[in-house]
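Novice: Whenever a hint applies, use it, and build me the whole structure from the sequences.
Number of protein chains: 2
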Amino acid sequence: MFPAWMKPLARAGAVALLLTPLLSLSALPEKTNPLPSWNDGAAKTAILDLVSETTTEGGENYVAPGDRIAVFDQDGTTWVSHPLYGQALFALDRLAKLAPKHPEWKTTEPFKSVLDGDHEAMAKFTEKDWLEIVAVTHAGMTTTDFAKIVADWLPKSKNPIFKRPVTELVYQPMVEVMDYLRANDFRTYIVTGGGQDFVRVYSKRVYGIPPEQVIGSSIVTKFEMVDGKPVLMRDPKLFFNDDSDGKAIGINLFIGKRPQIAFGNSDGDKEMLQWTTAGDGARLGLLVLHDDAKREVAYGPADGLPDTKVGTFSQALMDTAKQSGWIVTSMKNDWNRIFSRDD
Amino acid sequence: MFPAWMKPLARAGAVALLLTPLLSLSALPEKTNPLPSWNDGAAKTAILDLVSETTTEGGENYVAPGDRIAVFDQDGTTWVSHPLYGQALFALDRLAKLAPKHPEWKTTEPFKSVLDGDHEAMAKFTEKDWLEIVAVTHAGMTTTDFAKIVADWLPKSKNPIFKRPVTELVYQPMVEVMDYLRANDFRTYIVTGGGQDFVRVYSKRVYGIPPEQVIGSSIVTKFEMVDGKPVLMRDPKLFFNDDSDGKAIGINLFIGKRPQIAFGNSDGDKEMLQWTTAGDGARLGLLVLHDDAKREVAYGPADGLPDTKVGTFSQALMDTAKQSGWIVTSMKNDWNRIFSRDD
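Line by line, the protein sequences are chains A and G.
Start counting the first sequence at 2; every next residue gets the next number (my numbering).
Start counting the second sequence at 2; every next residue gets the next number (my numbering).
No lab work stands behind these hints, which were simulated from the structure alone.
Keep in mind it's a predicted model, so treat the numbers as computed, not measured.
Treat the hints with care, as some may be off.
Put simply, identical chains are the same to the list, so a pair is met inside one copy or across any two.
Claimed, not checked - Dumping the calculated DSS-like pairs for lysine-lysine here, alpha-carbon to alpha-carbon at most 27 Å:
1) LYS238 / LYS129
2) LYS230 / LYS258
3) LYS157 / LYS113
4) LYS323 / LYS223
Specialist: Laid out in structure tokens, this is it:
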């Protein structure tokens, strides 16, 4: 295998060191261990197997590169969603910033509770309450202006638990999976119940995913000519709800192809995994279980974990996962590192 | 420039011949004449200039490959739309096929006129009439079944003027532009008022455009579990109307990037061209004028051409084009060949 003069070096494990400069530095970790933040186990094996099966030419489950699709839920799957979704933090910050121009909010719900910092009242907000908040924080401006507002907010944002900007709370194991899938000619998509135009602002920088591969919820936009130039105005009206059944519908609407692999973490991802894994050939559904109270946040209520309204992983979902052969990833046991940025 | 021994050959123009085997055969025609079906003129020059400007590294209008986007309307821009849109032909054929199971259609409009072949009555159909026809021909089945029905119909389809399947009535000059743009790392999209799920069935084969790059009108789909397997059922209800302002909205919704170049042919493409050409840097809007009664069909009513309800090119659009610096392509003068398949 090695020329004679190399043998002593090889025995000493030095060949790898000698050869390292010949290889692309970025290609090396992939060859040796494409998913370093994943501990060996069922989840890592399932991912590696799916990629191997779909990319082996001549194999019965081979998929042509252009048809390799991977979909990722965002909140709770690729980044932190507790105590509130990143976009809810944006809405609350935005509300506080706009409040001086809206003195009536001081006495009108749901705005009053937000401005008072009444977390107990906010925990009880209905969907209608949230939609009212979205209406005043996400609408009434052009798509261009909205993107600027989000881009400006991101570095100033602060997750109340981790005291860091939301974009620094991305899960390193998921970034590795995205890189690994792309290195194997998969196209990676975010499929989120969150706002499509919100996520598109940072998806390329944070996940390496371009805007056209972000599928999310959206509000109505209206085409208007302003001073002879066209703009798209954001209207306070839901256009598409990319959650639960909406995720399967959205995948069909935006991609028109069925993914080979889907990653989720909560009840709202069930239909996406059902749609994905119902396809022919090799398919994989994977759910992230937040069972690591020490390094992140623990919630379920599956497996007796604390209940939550934000990213619920119910026992019913756990049962469906088991019946369907989906992989449940334990953050505590399967991930040796949580965040992309560990200071 | 050439070694001495080459000079006589170079003078004889033989160097190109000598070098030819060294070049990729597919790259060669592009180098020599990327748009052979286009006569030299303003339209061809504008397309070549746009590509040159956006792909020249270091130039002020350079666009990174991942951000190069080209959008094409379909009906009347990339294939024949007279006497009726290809999809209308599908709807009418489908109606005739389903009629035996619906005896009531014999006496109920708009179905009666279709089954009677009453072209005069059909020419007066309202949008509501067409939606009723779409409802019974395009809905009430799964997305998978619909795709099969369309795929089965395509080779049997027959345009009443040209007596050929609709997919054989594609404009060769537009296929060349698509190939040329893709060779220059543009992503090509169809942006059609027609049905997204209809066009996706043949877009890859006919235009080299994959399903995820087809943006079109769509009806509501519903996620249902049938025998433990998820399906998407097509509901007879409009979800998104990708025409006129909808084309600019659709481009933003599906791509989230502004195209550098847009091709259309009728009043319904105005906002798409406005949205495209309002961007910074080099942008190009191009409209196809159907002024070739001999080789295709002549209609406007711009420039005194016959009026039509199918793919109207109004004088107002012509005026907007002139004010906006858009290029109007004359099929008669700018195209030396019309169809991809000329038997």
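Novice: Tell me, please, which holds for LYS323 and LYS223 at an alpha-carbon limit of 27 Å: within, between, both or neither?
Specialist: between (44 Å within a copy, 25 Å between copies)
Novice: With identical chains treated as interchangeable, where does the CA-CA distance between LYS157 and LYS113 reach 27 Å or less: within a copy, between copies, both, or neither?
Specialist: within (23 Å within a copy, 64 Å between copies)
Novice: At most 27 Å between CA atoms: does that hold for LYS230 and LYS258 within a copy, between copies, both, or neither?
Specialist: between (36 Å within a copy, 17 Å between copies)
Novice: My question is about LYS238 and LYS129: at a cut-off of 27 Å on alpha-carbon distance, are they close within one copy, between copies, both, or neither?
Specialist: Both: 12 Å inside a copy, 25 Å across copies.
In summary, the structure agrees with every hint in the numbered list given earlier.
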